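Asks: Sequence:
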Amino acid sequence: MTARKRLVLGAAIGQCVHIAGLSHFLRLCEEEGFATLSLGPATPVSKLLDRIEELNPEIAAVSFRLTPEDMLPLLEELKKGLEKLPSKPRVFFGGTPPAAELARKAGLFDEVFDGSEAVEGIRAKVSGTSGGEKEERFPQTLLERVEYLHPYPLIRHHYGEPSLTDTIKGAARISDAGVIDVLSLGPDQNAQEFFFEPSKMDGRQDGAGGVPLRRREDLEAIFEATRRGNYPLLRCYSGTNDLTKWAEMLKETINIAWGAVPLCWYSALDGRSVKGLREAITEKQEAMRRYTELGIPVEVNESHQWSLRDAHDALAVATAYLSAYNAKKMGVKDFILQMMFNNPPSTSPHMDLAKMLAKLEMVASLEDGSFSVLREVRAGIASLPSDPDLAKGHMAASAVYSMMVKPHILHVVGFSEGYRVVTPDVLIESCRIARGAVNLALKGSFDAGLRKIVEKRKEHLIREASVILEAIKDLGGDAEDPLSSPDAIAHAIENGILDTPHFKGSDRFKGEVLTACVDGGWDAVCPATGRVLSEKERLEKLGIAP
Numbered sequence: 000m001t002a003r004k005r006l007v008l009g010a011a012i013g014q015c016v017h018i019a020g021l022s023h024f025l026r027l028c029e030e031e032g033f034a035t036l037s038l039g040p041a042t043p044v045s046k047l048l049d050r051i052e053e054l055n056p057e058i059a060a061v062s063f064r065l066t067p068e069d070m071l072p073l074l075e076e077l078k079k080g081l082e083k084l085p086s087k088p089r090v091f092f093g094g095t096p097p098a099a100e101l102a103r104k105a106g107l108f109d110e111v112f113d114g115s116e117a118v119e120g121i122r123a124k125v126s127g128t129s130g131g132e133k134e135e136r137f138p139q140t141l142l143e144r145v146e147y148l149h150p151y152p153l154i155r156h157h158y159g160e161p162s163l164t165d166t167i168k169g170a171a172r173i174s175d176a177g178v179i180d181v182l183s184l185g186p187d188q189n190a191q192e193f194f195f196e197p198s199k200m201d202g203r204q205d206g207a208g209g210v211p212l213r214r215r216e217d218l219e220a221i222f223e224a225t226r227r228g229n230y231p232l233l234r235c236y237s238g239t240n241d242l243t244k245w246a247e248m249l250k251e252t253i254n255i256a257w258g259a260v261p262l263c264w265y266s267a268l269d270g271r272s273v274k275g276l277r278e279a280i281t282e283k284q285e286a287m288r289r290y291t292e293l294g295i296p297v298e299v300n301e302s303h304q305w306s307l308r309d310a311h312d313a314l315a316v317a318t319a320y321l322s323a324y325n326a327k328k329m330g331v332k333d334f335i336l337q338m339m340f341n342n343p344p345s346t347s348p349h350m351d352l353a354k355m356l357a358k359l360e361m362v363a364s365l366e367d368g369s370f371s372v373l374r375e376v377r378a379g380i381a382s383l384p385s386d387p388d389l390a391k392g393h394m395a396a397s398a399v400y401s402m403m404v405k406p407h408i409l410h411v412v413g414f415s416e417g418y419r420v421v422t423p424d425v426l427i428e429s430c431r432i433a434r435g436a437v438n439l440a441l442k443g444s445f446d447a448g449l450r451k452i453v454e455k456r457k458e459h460l461i462r463e464a465s466v467i468l469e470a471i472k473d474l475g476g477d478a479e480d481p482l483s484s485p486d487a488i489a490h491a492i493e494n495g496i497l498d499t500p501h502f503k504g505s506d507r508f509k510g511e512v513l514t515a516c517v518d519g520g521w522d523a524v525c526p527a528t529g530r531v532l533s534e535k536e537r538l539e540k541l542g543i544a545p
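First residue of the sequence shown: 0, per numbering that gives the first Met the number 0; consecutive thereafter.
The set of hints was computed from the structure by calculation and includes no laboratory data.
Treat the numbers as computed from the prediction; the structure is a model and nothing was measured.
A couple of the hints might just be wrong.
What the hints assert, rightly or not - In silico lysine-lysine, DSS-like type, Cα no more than 27 Å apart, as pairs:
| id | residue 1 | residue 2 |
| --- | --- | --- |
| 1 | Lys-87 | Lys-46 |
| 2 | Lys-87 | Lys-104 |
| 3 | Lys-104 | Lys-78 |
Whenever a hint applies, use it, and build me the whole structure from the sequences.
Replies: Put into structure tokens, the structure is as follows:
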């Protein structure tokens with residue numbers, strides 16, 4: 000008998016010819032430092048046993064994806080053969096959920112995978128560290144976790160129930176499930192506005208929009224509840240008041256993975272705070288600086304706030320750059336660029352992609368040795384159909400095409416689908432899910448012909464966004480750096496350089512721009528004719544010469 004090697008030996012046994020899952024598993028094993036050898040499809044159990052005895056691998060990986068009952072005699076043969084070997088490897092099984100269920104009952108396998116497991120959980124089991132695994136196995140900073148999971152994106156999801164007790168219990172269950180890498184806490188509106196001034200809270204609003212956090216200990220309890228499973232990172236809304244206090248508390252209580260603040264919003268601009276624009280922008284800049292001092296990456300969730308209010312794409316691109324510019328100016332080293340797809344809802348996939356590529360290119364121009372950009376994608380909530388099955392299909396399709404920008408983080412806001420036996424109910428549900436995907440895909444599909452369209456739109460948006468940014472600079476007056484001056488940015492909003500139709504009727508902001516979905520993208524249009532306006536034309540109508 001030869002000495003045991005760091006080898007994983009894999010085979011699809013019996014008549015099973017499906018080896019894609021096995022190949023992916025072996026590739027993951029290689030990333031964990033193992034040598035691998037696949038015996039391929041339709042491998043007789045006797046051949047697998049012979050090679051196990053010959054090669055003495057550390058792990059034998061068995062795959063079967065056919066009718067589960069056909070697997071039973073194969074498992075019996077494998078079990079008897081392994082019992083005769085002088086040295087038994089760890090034996091893993093991978094297959095469909097029904098096959099995996101029978102494999103678990105066989106009492107033969109050290110680990111059984113049915114396709115629902117998180118990548119980091121599989122890695123832990125392959126490396127043999129999952130039994131009494133502690134936090135060290137799962138990196139607890141954003142950058143380390145991103146590197147650990149590459150090329151897979153981190154999976155993030157918001158969570159926060161109206162009951163603190165339920166949220167703590169739920170956080171534990173979610174962690175045990177190993178389905179996410181970042182649990183993003185959503186406090187209720189009372190907490191966001193008045194955590195540090197509880198006397199101002201309206202008790203009737205407790206639990207509205209999230210978990211009613213009232214003490215530091217509440218955050219600590221949620222954090223402790225997640226110290227299990229795959230030990231997800233935690234983050235939390237920034238609060239709409241006292242942002243620097245929130246930053247310090249979140250660092251101390253949940254070791255926040257990254258901070259997220261807007262630049263102009265959570266102010267008089269949207270009514271989520273009574274602060275005027277200049278005061279609010281200054282506060283957001285101070286929060287960015289404080290997160291950076293605490294060693295925490297920063298996301299500036301500004302650009303999609305404008306798109307949520309039907310702003311045109313060029314303005315969304317300009318504000319993405321403006322956000323990153325301000326973050327860099329405040330000393331941020333690791334910047335998260337959140338890209339909300341399907342926003343506004345009627346945006347087509349290829350125009351969506353063009354807009355995001357334009358944002359990426361402009362923001363990436365700021366990168367240097369002191370400033371790096373991580374990409375985060377998500378679906379737009381406002382775009383979701385009200386029918387839950389259609390929503391599942393829509394969000395699945397959105398995730399597929401948002402992956403084209405190779406995100407580091409996938410912010411999931413909806414459903415995921417697993418394998419099930421096809422019953423009439425499942426068939427009907429599956430068709431409805433597929434219809435949701437079709438409804439989105441029909442707005443535009445990706446093919447060779449569309450590459451030129453996407454590239455042309457991207458370049459157009461970069462040019463138009465640059466006109467907006469130059470107008471802000473020109474209007475900045477005496478400001479040394481208008482793009483980071485709270486007064487200059489506020490002035491740009493008040494004068495309509497940064498504008499949205501949702502401001503119409505406001506006595507403080509313009510609301511004069513008219514936007515429309517044109518060929519799948521959002522543009523400023525002429526109110527009289529519906530013709531698309533260039534940014535030069537739009538600004539000239541405001542009396543601003545670009």
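Asks: Decide if the proposed pair is consistent with the structure: Lys-104 and Lys-78, CA atoms, cutoff 27 Å inclusive.
Replies: holds, 13 Å
Asks: Between the alpha carbons of Lys-87 and Lys-46, is the straight-line distance 27 Å or under?
Replies: Holds, because 16 Å separates the two Cα atoms, which is no more than 27 Å.
Asks: Would the pair Lys-87 and Lys-104 pass a check requiring their Cα atoms to be no farther apart than 27 Å?
Replies: holds, 19 Å
Against the hints set out earlier in the document, no violation occurs for any number.
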